[in-house]
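Trainee: Read off the chains here:
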Amino acid sequence: MSVQRADSNRLHPHKFTLWVAIGSIIMMFAALTSAYIVRHAQQNWLEFEMPKVFWYSTVVIIISSITIHLSLKAFRARERLRYRMLLGITALLGVLFAILQGFGFYDLYSRGIQIIGDGSNPSASFLGIITGLHVVHVLGGVVALLIFFIRAYSTRIKTYDSTPQEILSVYWHFVDILWIYLFIFFHLAG
Amino acid sequence: MSNEAILQTGVGGAHTAGVHEEHHEHHHHETFITKYIFSQDHKMIAKQFLITGMVWAVIGGAMSLLFRWQLGYPNEPLPMWVQDILGKWWVKDGHITPEAYYALVTTHGTVLIFFVLTAGLSGTFANLLIPLQVGARDMASPLMNMLSYWFFFTASIVMLSSMFVETGPFSGGWTAYPPLSALGDASPGSKTGMDLWLIAMALFVVSQLLAGLNYISTVLNMRTKGMSMTRLPLTIWGLFFTAILGVLSFPVLFSGFILLIFDRNFGTSFYLSDIFISGVGPLPHEGGSPILYQHLFWFLGHPEVYIIILPAMGIVSEIMSINARKPIFGYMAMVGSLFAIAVLSFLVWAHHMFVSGLNPFLGSIFVLLTLLIAVPSAIKVFNWLTTLWRGNIRFTPAMLFAIGFVSIFISGGLTGIFLGNSALDIHLHDTYFVIAHFHLVMGVAAMFGMFAGVYHWYPKMYGRYMNNTLAYIHFWLTMIGAYLIFWPMHYQGFAGMPRRYYDYTPWVSFDHFEGLNRFMSTVAIIVFSVQILFLFNFFYSIWKGRKVRTQNPWGANTLEWTTPIKPGHGNWTGEIPEVHRWPYDYGKDNREFIPQTTPVGADENIH
Ligand code: HEM
Ligand SMILES: [Cu+2]
Numbered sequence: 001m002s003v004q005r006a007d008s009n010r011l012h013p014h015k016f017t018l019w020v021a022i023g024s025i026i027m028m029f030a031a032l033t034s035a036y037i038v039r040h041a042q043q044n045w046l047e048f049e050m051p052k053v054f055w056y057s058t059v060v061i062i063i064s065s066i067t068i069h070l071s072l073k074a075f076r077a078r079e080r081l082r083y084r085m086l087l088g089i090t091a092l093l094g095v096l097f098a099i100l101q102g103f104g105f106y107d108l109y110s111r112g113i114q115i116i117g118d119g120s121n122p123s124a125s126f127l128g129i130i131t132g133l134h135v136v137h138v139l140g141g142v143v144a145l146l147i148f149f150i151r152a153y154s155t156r157i158k159t160y161d162s163t164p165q166e167i168l169s170v171y172w173h174f175v176d177i178l179w180i181y182l183f184i185f186f187h188l189a190g
Numbered sequence: 191m192s193n194e195a196i197l198q199t200g201v202g203g204a205h206t207a208g209v210h211e212e213h214h215e216h217h218h219h220e221t222f223i224t225k226y227i228f229s230q231d232h233k234m235i236a237k238q239f240l241i242t243g244m245v246w247a248v249i250g251g252a253m254s255l256l257f258r259w260q261l262g263y264p265n266e267p268l269p270m271w272v273q274d275i276l277g278k279w280w281v282k283d284g285h286i287t288p289e290a291y292y293a294l295v296t297t298h299g300t301v302l303i304f305f306v307l308t309a310g311l312s313g314t315f316a317n318l319l320i321p322l323q324v325g326a327r328d329m330a331s332p333l334m335n336m337l338s339y340w341f342f343f344t345a346s347i348v349m350l351s352s353m354f355v356e357t358g359p360f361s362g363g364w365t366a367y368p369p370l371s372a373l374g375d376a377s378p379g380s381k382t383g384m385d386l387w388l389i390a391m392a393l394f395v396v397s398q399l400l401a402g403l404n405y406i407s408t409v410l411n412m413r414t415k416g417m418s419m420t421r422l423p424l425t426i427w428g429l430f431f432t433a434i435l436g437v438l439s440f441p442v443l444f445s446g447f448i449l450l451i452f453d454r455n456f457g458t459s460f461y462l463s464d465i466f467i468s469g470v471g472p473l474p475h476e477g478g479s480p481i482l483y484q485h486l487f488w489f490l491g492h493p494e495v496y497i498i499i500l501p502a503m504g505i506v507s508e509i510m511s512i513n514a515r516k517p518i519f520g521y522m523a524m525v526g527s528l529f530a531i532a533v534l535s536f537l538v539w540a541h542h543m544f545v546s547g548l549n550p551f552l553g554s555i556f557v558l559l560t561l562l563i564a565v566p567s568a569i570k571v572f573n574w575l576t577t578l579w580r581g582n583i584r585f586t587p588a589m590l591f592a593i594g595f596v597s598i599f600i601s602g603g604l605t606g607i608f609l610g611n612s613a614l615d616i617h618l619h620d621t622y623f624v625i626a627h628f629h630l631v632m633g634v635a636a637m638f639g640m641f642a643g644v645y646h647w648y649p650k651m652y653g654r655y656m657n658n659t660l661a662y663i664h665f666w667l668t669m670i671g672a673y674l675i676f677w678p679m680h681y682q683g684f685a686g687m688p689r690r691y692y693d694y695t696p697w698v699s700f701d702h703f704e705g706l707n708r709f710m711s712t713v714a715i716i717v718f719s720v721q722i723l724f725l726f727n728f729f730y731s732i733w734k735g736r737k738v739r740t741q742n743p744w745g746a747n748t749l750e751w752t753t754p755i756k757p758g759h760g761n762w763t764g765e766i767p768e769v770h771r772w773p774y775d776y777g778k779d780n781r782e783f784i785p786q787t788t789p790v791g792a793d794e795n796i797h
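Respectively, the protein sequence lines represent chains P and C. Under this note's numbering, read the first sequence as residues 1 to 190, first letter to last. Under this note's numbering, read the second sequence as residues 191 to 797, first letter to last.
Possibly wrong hints are sitting among the right ones.
Said to hold, decoys possible - Derived DEER-like restraints, expressed as beta-carbon distance ranges:
#1 P:Val170 x C:Lys737: 26 to 32 Å
#2 P:Thr163 x C:Asn780: 46 to 52 Å
#3 C:Asp283 x P:Arg111: 55 to 61 Å
#4 C:Asn265 x P:Ala189: 54 to 60 Å
#5 C:Leu562 x P:Ala41: 52 to 58 Å
#6 C:Ile227 x P:Ala189: 29 to 35 Å
#7 P:His173 x C:Ile227: 49 to 55 Å
#8 C:Thr763 x P:Trp19: 29 to 35 Å
#9 P:Val170 x C:Gln741: 38 to 44 Å
#10 C:Pro472 x P:Gln43: 42 to 48 Å
#11 C:Lys737 x P:Val38: 55 to 61 Å
#12 C:Asp274 x P:Leu11: 48 to 54 Å
#13 C:Asp693 x P:Asp107: 16 to 22 Å
#14 P:Arg111 x C:Ser468: 32 to 38 Å
Calculated directly from the structure, the hints in this document are not laboratory data. Glycine is no exception: its CB is placed at the ideal position from the N, C-alpha and C atoms.
Using the sequences and the hints given, assemble the complete structure.
Mentor: As structure tokens, this is what we get:
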């Protein structure tokens, strides 16, 4: 049974579902960042500098938002090659983002700031877990990008309905904005 | 006018795209596996949720008998056959061990709240009713729907397996407060049992998120032509708000669990600080706050109780109107109060924490917000009573349970007002008064909603009726029994008897409750056996029940009764009918009922 649309002006049910899912993910990060604030107000909170490399990862993820936007435009213009290339670039940028976050963790580690284990302070643990969960969401998006990328090789599939691409790009912009929020949050609250 | 005729005339053009005519005999092949196991048909998934929920209800209920035995008959050994079933970890010298006692209360609470009254209740009725009552062929994403069940099923298996590990299941209470839940050395149940508990609950959260996304999307996007939001049956409204609450609050619980997992396994200190365990020594954790967990937990925990009760409220409203043969009183007030409850339920969580060291000034704000919930709750009760008033009541089993729901909800809700006052809660917190409160208002009331729903929609699910005589016995004994079990707990709570104790006999001040405790435990055994009677009725009727011969046995207005008696995947054989009116035209213009598919007459007022 396929999904039917009651009328064409309405949001596609799958797209709508994504928006609700985004609400749900927001609640998760809202909970964690509120917990951060609550805990920060108490004693024994380790103050430290954010890793500098987070600035680079921020730039990377913003660029990836642009590339996915362009890939959607290419898809709509039925420029298959361009679409495929931009998808691939976006996925690579996603992976690069994850690697840069990893460097950020390494930077903390080399400064003796522990995220987990004995002697870890909640302030670093929070940073690690919140950014870690965000990376998981980015990597989820990368998996989806790769699936779309591989599908774009198949010449059999000829659909011009861009709904799946739109859904993916909304999600990608969301994880981008989520990171920007977290980045600003850590700088203001941390 | 027959429903067939309505079906023929009430065709809308909206849903033709992409839907091939599906007749009773299936065109495409359905194997046993795709039909009964990995089914994507919302009606089959509903049955899967229901029956899994029933299995858990029996397990969780049986657990309560074991610990009630301990409370009611502290000096008498358990019957031999029970001892034999349980084995050495659970029983020593004829009595359940203290570890087993705590494991039992914890698992009882967890599975009844999450697996029975969340998955079993909204999983069943959201799946069954949302597509049928909004006029859709299935959920927005049948695949996600199927996954939701299988995540729940996997969660069930993991939870069940925790019963059999060497150190026993988790035993720190359904709320799983750290430090007990965070430290494997703190108690046997906090070792592997807690790991499995966390895995099961994480899977359960995923299941609920998948389900909730789907329910919301279906209600908002898949309604048939003419089905405006204000023509939705109240069942759908209840389930809709439930889904919103779940989607917004379960992720918060999930966050809390993630931090807990890190504290347990990776040496972080979110919830832990300055702890000394005898036999182990001081722990390195420093700087954590257990209160943080309580905030995260109750931010879900309180909405969760409404996740449990809102579907029951919707079911009750619907059944009550149908069987009083009267429109529901104050439809918009019913929707409005559901909305108000849903919003307020996010703003009251700290009433579970009045005595946790919460700032008393903050506490007073939560007192105010908590007591505000009484207003929409009272509106609903008022509307149910007014719907019954001068109704032409048909006392079907479903209707009896619906009326019983209102009675129990009032009794349990009133005690919430006691507890919501932080000054009173200092005395009442963690006593049997709280147990009485939430078992009546949530446990029994939601169960009644579920029973009402099962009796009412059984003909739609299985094309047969359940046996009425057994159903009446089931109702009356359960109704009387529930009050007899939980009412006396209020007195115990006032007297200061704390909850979560293994043995009260050394406690002279509670000696006079000995007889009362025995009485409550005995009634519990009787009430449990009556539920077995219900289960017998349920399963027996699947094969042997009286067959349903008319499409609309209760004379109801909603769309599910316009489908064939045993609808196939896709629900309607022809086009999905169009809707012309709200679902509560009962006793209008001297007509007993007017289905939603009937066009509005020339001289009729539309709703
Ligand atoms: C008039 C509305 C209500 C008010 C003012 C209210 C208030 C409260 C308060 C203050 C507590 C905390 C008691 C304590 O631990 O000391 C409590 C506990 C509880 N309430 Fe309510 N309540 C209301 C309705 C409900 C409803 C409708 C449900 C469920 C459907 C519910 C379920 C629970 C549960 C499960 C607990 C106990 C949780 C635990 O500690 O294990 N309450 N209620
Ligand atoms: Cu509450």
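Trainee: Evaluate each hint against the coordinates.
Mentor: Structure-based check of all given hints:
Checking the proposed 26 to 32 Å range against Val170 (chain P) and Lys737 (chain C) shows it is violated: the Cβ atoms sit about 50 Å from each other. A C-beta distance of roughly 50 Å is found between Thr163 (chain P) and Asn780 (chain C), which places it inside the suggested range of 46 to 52 Å. Checking the proposed 55 to 61 Å range against Asp283 (chain C) and Arg111 (chain P) shows it holds: the Cβ atoms sit about 58 Å from each other. Between Asn265 (chain C) and Ala189 (chain P) the CB atoms are about 58 Å apart, so this pair conforms to the stated range of 54 to 60 Å.
Between Leu562 (chain C) and Ala41 (chain P) the Cβ separation comes to about 27 Å, which falls outside the hinted range of 52 to 58 Å. Here the CB-CB span from Ile227 (chain C) to Ala189 (chain P) is close to 49 Å, at odds with the stated 29 to 35 Å. Range check, His173 (chain P) to Ile227 (chain C): Cβ separation about 38 Å, and the 49 to 55 Å hint is violated. As the Cβ distance of Thr763 (chain C) to Trp19 (chain P) is approximately 34 Å, the hint placing it in 29 to 35 Å holds.
Judged by the Cβ atoms, the range 38 to 44 Å given for Val170 (chain P) and Gln741 (chain C) holds: they are separated by roughly 43 Å. In this structure, Pro472 (chain C) and Gln43 (chain P) break the distance hint of 42 to 48 Å, their C-beta atoms being roughly 19 Å apart. Our hint of 55 to 61 Å for Lys737 (chain C) and Val38 (chain P) holds, since their Cβ atoms are close to 60 Å apart. Our hint of 48 to 54 Å for Asp274 (chain C) and Leu11 (chain P) is violated, since their Cβ atoms are close to 59 Å apart.
Distance hint check: the CB atoms of Asp693 (chain C) and Asp107 (chain P) are about 55 Å apart, inconsistent with the given range 16 to 22 Å. For the hinted restraint 32 to 38 Å between Arg111 (chain P) and Ser468 (chain C), the CB-CB distance of approximately 37 Å keeps it satisfied.
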